[in-house]
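Given next are the chains, with one letter for each unit.
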Amino acid sequence: MTEIRLTVNGVEHAVDVDPRTLLVHAIREQAGLTGTHVGCLTGDCGACTVVVDGRTTKSCSVLAHSADGARVETVESLADGDDLHPVQRAFWDEFAFQCGFCLPGMLLTARELLESTPDPDDEEILRALNGNLCRCTGYNTIVAAVRRAAQEPA
Amino acid sequence: MSTAPTFIRPADLDGVTAALSDGDALIVGGGTMVVPELTHGRIRPSALVDLGRAGLAGVTTAAGTTVVGAMTTYTELEHSAVPLLATMAHGITGGPQIRHRGTVGGSASYANPSSDVPACLVALDARLLLAWAGGVREVAAADFFLGAFRTVREPDEVLAAITVPDVTTFGYVKFKLVEGSWPIVTAATVVRADSLRVVLGGAAPVPAAVTLDLPSAGTADPAWRDHVRTAVTEGIEIAGGPWDDVLAPGEYRARIAPVIAARSVARALDEESR
Numbered sequence: 024m025t026e027i028r029l030t031v032n033g034v035e036h037a038v039d040v041d042p043r044t045l046l047v048h049a050i051r052e053q054a055g056l057t058g059t060h061v062g063c064l065t066g067d068c069g070a071c072t073v074v075v076d077g078r079t080t081k082s083c084s085v086l087a088h089s090a091d092g093a094r095v096e097t098v099e100s101l102a103d104g105d106d107l108h109p110v111q112r113a114f115w116d117e118f119a120f121q122c123g124f125c126l127p128g129m130l131l132t133a134r135e136l137l138e139s140t141p142d143p144d145d146e147e148i149l150r151a152l153n154g155n156l157c158r159c160t161g162y163n164t165i166v167a168a169v170r171r172a173a174q175e176p177a
Numbered sequence: 406m407s408t409a410p411t412f413i414r415p416a417d418l419d420g421v422t423a424a425l426s427d428g429d430a431l432i433v434g435g436g437t438m439v440v441p442e443l444t445h446g447r448i449r450p451s452a453l454v455d456l457g458r459a460g461l462a463g464v465t466t467a468a469g470t471t472v473v474g475a476m477t478t479y480t481e482l483e484h485s486a487v488p489l490l491a492t493m494a495h496g497i498t499g500g501p502q503i504r505h506r507g508t509v510g511g512s513a514s515y516a517n518p519s520s521d522v523p524a525c526l527v528a529l530d531a532r533l534l535l536a537w538a539g540g541v542r543e544v545a546a547a548d549f550f551l552g553a554f555r556t557v558r559e560p561d562e563v564l565a566a567i568t569v570p571d572v573t574t575f576g577y578v579k580f581k582l583v584e585g586s587w588p589i590v591t592a593a594t595v596v597r598a599d600s601l602r603v604v605l606g607g608a609a610p611v612p613a614a615v616t617l618d619l620p621s622a623g624t625a626d627p628a629w630r631d632h633v634r635t636a637v638t639e640g641i642e643i644a645g646g647p648w649d650d651v652l653a654p655g656e657y658r659a660r661i662a663p664v665i666a667a668r669s670v671a672r673a674l675d676e677e678s679r
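Protein chains in written order, with the working numbering: chain A, 24 to 177; chain B, 406 to 679.
Hints are not guaranteed to be accurate.
Said to hold, decoys possible - The calculated DMTMM-like cross-link candidates involving lysine to aspartate or glutamate, where the alpha carbons are at most 25 Å apart (straight line), are: (1) B:K581 / B:E642; (2) B:K581 / A:E147; (3) B:K581 / B:D417; (4) B:K581 / B:D429; (5) B:K581 / A:E146; (6) B:K581 / B:D650; (7) B:K581 / B:D427; (8) B:K581 / A:D145; (9) B:K581 / B:D649; (10) B:K581 / A:D142; (11) B:K581 / B:E656; (12) B:K581 / B:E543.
As the list claims (entries may be wrong) - Some chain A residues near chain B, calculated using beta-carbon distances under 7 Å: (13) V38; (14) P42; (15) V61; (16) T65; (17) T72; (18) R78; (19) T79; (20) S84; (21) H88; (22) S89; (23) N153; (24) G154.
Worth flagging that the hints you see were computed from the coordinates, not collected in a lab. A quick note: this is a predicted structure, and the numbers were derived from the prediction, not measured. Don't be surprised by glycine CBs; every beta carbon is placed ideally from N, CA and C.
Throw the hints in and build the complete structure from the sequences for me.
This is the structure:
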């Protein structure tokens with residue numbers, strides 16, 4: 024075991040983990056933030072998406088030790104208390120999630136898209152979300168939510 | 406869990422090659438392929454060598470030659486001007502999260518027959534720079550891939566950089582059955598002064614290179630299509646026969662490969678649509 028440092032949502036955590044520990048497990052079990060979900064563990068489903076040093080990343084495909092010293096943002100960083108982030112509000116308003124398992128990944132990926140492409144067309148939305156699988160919604164409401172978020176003031 | 410491996414994140418290439426000199430380390434680049442392998446217990450290395458701080462990322466161009474650091478991500482390539490590789494990177498499956506993390510050097514070294522990178526490097530006549538504690542050697546992309554998941558890289562070597570010659574006319578087409586799938590067959594066409602070279606990925610264990618006649622009567626000409634079918638079938642045999650895995654049987658890949666090859670030639674010859 025070796026100690027590493029992760030800054031998660033602005034809070035620094037010193038954690039002592041096996042070098043094989045995945046970032047997603049360090050976030051959930053050491054930092055105690057369970058909004059990031061463990062899905063496929065193969066890098067396919069996107070439920071474990073977090074932001075590492077400013078870029079969305081599938082945290083099941085990153086060793087915690089590889090993120091030593093990194094700034095990590097999780098889905099918990101989106102809302103300000105009870106005030107939802109505009110992307111969260113848009114997903115709520117469009118009924119864009121059902122079971123919610125894929126939601127952390129969908130929200131963080133959608134936010135990243137809107138930061139670089141404030142007014143995306145449907146093709147850009149689908150391309151941005153093509154690393155996030157949803158088994159419930161059929162994606163139409165998710166695309167509608169991203170479009171709605173683009174139209175709302177940040 | 407078995408005994409924990411050591412974790413080393415060297416600050417430069419010398420540190421990487423020193424860490425590899427024992428020969429039983431797993432190199433972790435972006436991690437998108439090897440970390441799941443580690444998680445599922447399919448590999449049990451005694452050491453993990455992380456390339457994240459070794460300064461191996463980035464693209465530099467001088468005198469018609471481009472050097473792509475092995476740790477250059479798909480996202481960086483996508484926004485670069487590197488011919489063919491920028492186009493390829495834009496279409497990588499797995500979403501922006503994978504494109505931000507996955508690297509060109511990692512994909513080449515992993516040598517999955519279904520990956521986009523190997524065939525593109527062969528099509529470009531790229532040269533791969535392998536470093537070890539005693540020095541460096543350069544290998545042509547066509548000689549780098551030995552078989553499915555096998556390359557000439559020795560366990561104490563690391564792929565440090567890839568040199569790409571200037572190419573202006575190319576076409577890239579990939580076929581996959583669903584959005585989130587690995588490609589089934591890819592075709593990279595590079596047009597040079599008097600030759601037309603197509604390199605197929607996913608069709609055989611290693612990239613299958615084929616030289617084709619120019620389609621003087623267009624790429625829909627049945628005679629030219631027959632020529633493509635013959636040449637591609639032969640190229641796949643030379644590359645080890647049709648690649649077969651859970652995503653698609655070899656027979657299917659072999660049947661669609663000439664069609665994907667012809668589409669990629671069509672795209673290369675029509676610069677507007679590539």
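| task | Output the numbers, in ascending order, of every earlier hint that fails for this structure. | result | 3, 4, 7, 10, 12, 13 and 15
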